[in-house]
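So you can see what is in the structure, the chains are spelled out below.
2 protein chains.
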Amino acid sequence: MYFFCIFDKKSVILCQICAKMELKVIAYARNGHSDKFGIPRQSREESPIETRIVFEPEFAIPEALRGIEGFSHLWLIWGFSENNSKQHLISTKPASNKDLPPIGFSPTVRPPRLGGNTRMGVFATRSPFRPNPIGLSSVRLLRVEKNTLVVSGADLLDGTPIYDIKPYLSFSDSHADAQNGYADAHIDDRLHVEMPAGETKLTEQEKRDIAYILSQDPRPGYQDDPDRAYKLDYAGYTVTFTVDGKTAYVQIIETSK
Amino acid sequence: MYFFCIFDKKSVILCQICAKMELKVIAYARNGHSDKFGIPRQSREESPIETRIVFEPEFAIPEALRGIEGFSHLWLIWGFSENNSKQHLISTKPASNKDLPPIGFSPTVRPPRLGGNTRMGVFATRSPFRPNPIGLSSVRLLRVEKNTLVVSGADLLDGTPIYDIKPYLSFSDSHADAQNGYADAHIDDRLHVEMPAGETKLTEQEKRDIAYILSQDPRPGYQDDPDRAYKLDYAGYTVTFTVDGKTAYVQIIETSK
Numbered sequence: 013m014y015f016f017c018i019f020d021k022k023s024v025i026l027c028q029i030c031a032k033m034e035l036k037v038i039a040y041a042r043n044g045h046s047d048k049f050g051i052p053r054q055s056r057e058e059s060p061i062e063t064r065i066v067f068e069p070e071f072a073i074p075e076a077l078r079g080i081e082g083f084s085h086l087w088l089i090w091g092f093s094e095n096n097s098k099q100h101l102i103s104t105k106p107a108s109n110k111d112l113p114p115i116g117f118s119p120t121v122r123p124p125r126l127g128g129n130t131r132m133g134v135f136a137t138r139s140p141f142r143p144n145p146i147g148l149s150s151v152r153l154l155r156v157e158k159n160t161l162v163v164s165g166a167d168l169l170d171g172t173p174i175y176d177i178k179p180y181l182s183f184s185d186s187h188a189d190a191q192n193g194y195a196d197a198h199i200d201d202r203l204h205v206e207m208p209a210g211e212t213k214l215t216e217q218e219k220r221d222i223a224y225i226l227s228q229d230p231r232p233g234y235q236d237d238p239d240r241a242y243k244l245d246y247a248g249y250t251v252t253f254t255v256d257g258k259t260a261y262v263q264i265i266e267t268s269k
Numbered sequence: 013m014y015f016f017c018i019f020d021k022k023s024v025i026l027c028q029i030c031a032k033m034e035l036k037v038i039a040y041a042r043n044g045h046s047d048k049f050g051i052p053r054q055s056r057e058e059s060p061i062e063t064r065i066v067f068e069p070e071f072a073i074p075e076a077l078r079g080i081e082g083f084s085h086l087w088l089i090w091g092f093s094e095n096n097s098k099q100h101l102i103s104t105k106p107a108s109n110k111d112l113p114p115i116g117f118s119p120t121v122r123p124p125r126l127g128g129n130t131r132m133g134v135f136a137t138r139s140p141f142r143p144n145p146i147g148l149s150s151v152r153l154l155r156v157e158k159n160t161l162v163v164s165g166a167d168l169l170d171g172t173p174i175y176d177i178k179p180y181l182s183f184s185d186s187h188a189d190a191q192n193g194y195a196d197a198h199i200d201d202r203l204h205v206e207m208p209a210g211e212t213k214l215t216e217q218e219k220r221d222i223a224y225i226l227s228q229d230p231r232p233g234y235q236d237d238p239d240r241a242y243k244l245d246y247a248g249y250t251v252t253f254t255v256d257g258k259t260a261y262v263q264i265i266e267t268s269k
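Going down the list, the sequences are from chains A and B.
Numbering-wise, the working numbering comes out as the position in the first sequence, counting from 1, plus 12.
Numbering-wise, the working numbering comes out as the position in the second sequence, counting from 1, plus 12.
Bound-form chain A, shown alone (with noise of 0.2 Å):
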C-alpha cells in the first residue's frame, strides 16, 4: 500500500498516509455529443450512438486487445472532465494532506432523477461531483478496428479521457436484481420524438442518434414548459426542439457554426 508522494519535497520517499494514485490517460473517446446537454445520464444497452475509443500512442498497442473480441461489453473507468477540474487543481509547493482543502467535494448532491430538489449523499450517487472525479460505464462492444475499440451506450462527451477499460464479466458484475434506491423511480419516462416532415440533411444513424437523444428527456428534471425551445448540439448538428407533455418536437436542425 505505498505510493509515492508528491507533497514531499525528497523525490523517492514512500509514504503511506498521503497515499494518493495518479492515473495517465490511455485514450480518448470520440462521438458525436460535442456538448454536455443531451448526454445520457447513464449508459444504456439500447443506445445506438457510437463512439470511438481511440488509445494515446504509448497505450495503441493490438496486443494489448488480444481476446478482447469474445466479450460482448466492457468496462470504461473515465474522468468526468469539464465539469469540475477545478476542484482537481493540486498545488506544487509542498503541503500536508490535511492542508489541502476538499475543494468542491460536496457530502450531498442533488440527482436530476430526483427532479433536481432532494439532496442524497454524494455516494449513493452516479453525480460528476464526487472526490475522486471518475466515471464508470458499461458499453456494448461492437467491433475491434485496428488499435481501436468502437462500442455503443457510452455516456460519454467527445474527448472524454478513458484511464481503464476491463472486460465485462457476468458472473462478477451482472446483478439483475440488484435494488436500485431512489433510482428506481421514473426509469421508464421515454419521450415520443417527432422529426419534421421532409428532413433529408441527417444520414440515418445521425437521425436514429437524434431520436434515441430525445426521447430519454435531455431537459433539466424541474422544467416543463411546452413554448420552451432547447438546443441541442450533436455530430455537428444545432437541434432545436420543444417538449410537450411526452412528445418531443424537433423544431430545426442547422449546420452547427
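It should be emphasised that the hints constitute simulated quantities derived from the structure, not laboratory data.
Note that the structure is predicted; figures quoted are calculated from it, not measured.
Positions of the beta carbon are idealized from the N, C-alpha and C atoms, including for glycine.
Okay, the calculated beta carbon distance ranges per label pair:
#, chain 1, residue 1, chain 2, residue 2, range
1, A, Ala241, B, Arg202, 56 to 64 Å
2, B, Glu211, A, Gly171, 53 to 61 Å
3, B, Thr130, A, Pro60, 32 to 40 Å
4, B, Glu81, A, Ser268, 42 to 50 Å
5, A, Gly127, B, Phe183, 16 to 24 Å
6, A, Glu70, B, Asp196, 26 to 34 Å
Keeping the supplied structure of chain A fixed, place chain B upon it in accordance with the hints.
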C-alpha cells in the same frame, strides 16, 4: 478536459497534453485477508466474507451516505496496492509525458483462469498489471454502521485503498447475457472442503469464510500435486491444506505468528 500538470514547473498552468488525474484515498477496506494468497479472483455474489469500508476522516460524513441503504449492491473502485507500486513511482523533476517510461506495463498478461500459460491482451483481462492499477468490484451492501459500510463479496486485501463508491444500477450495469470470452472456461471449478474433525478454534463465521476461500481453489492454476501443502493466512489464522482431485483437506489451523 484540462488537468493540472504536475510535470510543469509553473504551478497553475493547465495543460491538456499530459492530462493526468490524481486520486485521493477516501477509505480503506478492512477484512481478514492479510495475505494476497486466497483472495477470490473476482468479487462473487455468494461470498460470505465481510469487508468493512472505513472512511478517511475527511470523508467520514454520515450525509455522504444518505440514501445508500436503498441499494442492494455497490461498486468499489480501488487500488491494486501490493503488486506493482513501483510501476507508479513518479519523479518530481520536470519531464514530458514521453520521457516517462511505461514501467511495468506489459501489453499482454497470463490470466490464471487459462492455467497461467496463455497470454491475453491486458485490456481483455482483470489483471492487476495494467497501465493504471485500478480495480473494480461489485459488492453486496449488508449494512451501514454509522460512517462505515459493511459489504460482502469483495475480492480485496485488508488495507486496500478505496477511491470511489457508487450505487449499482441494474438498468445500466447488469447484462446477464454478456459473453465472457475466454473467461467462461472453468467458471464452476469449485472444490469440496473437508475441515479437521473436532475443530473448535474457529467461530462459525470464520469456518464459513475459510471453507469458502478454499472452495475457490486458491492454488496457482498450473499446480496439481496432492502431496503439496499450502499455507493460507486469514483473520489471524494460518491454515495448512492440501488438494486431492476436487477436495481440499484442511490439515492444521494455527494462530498466525
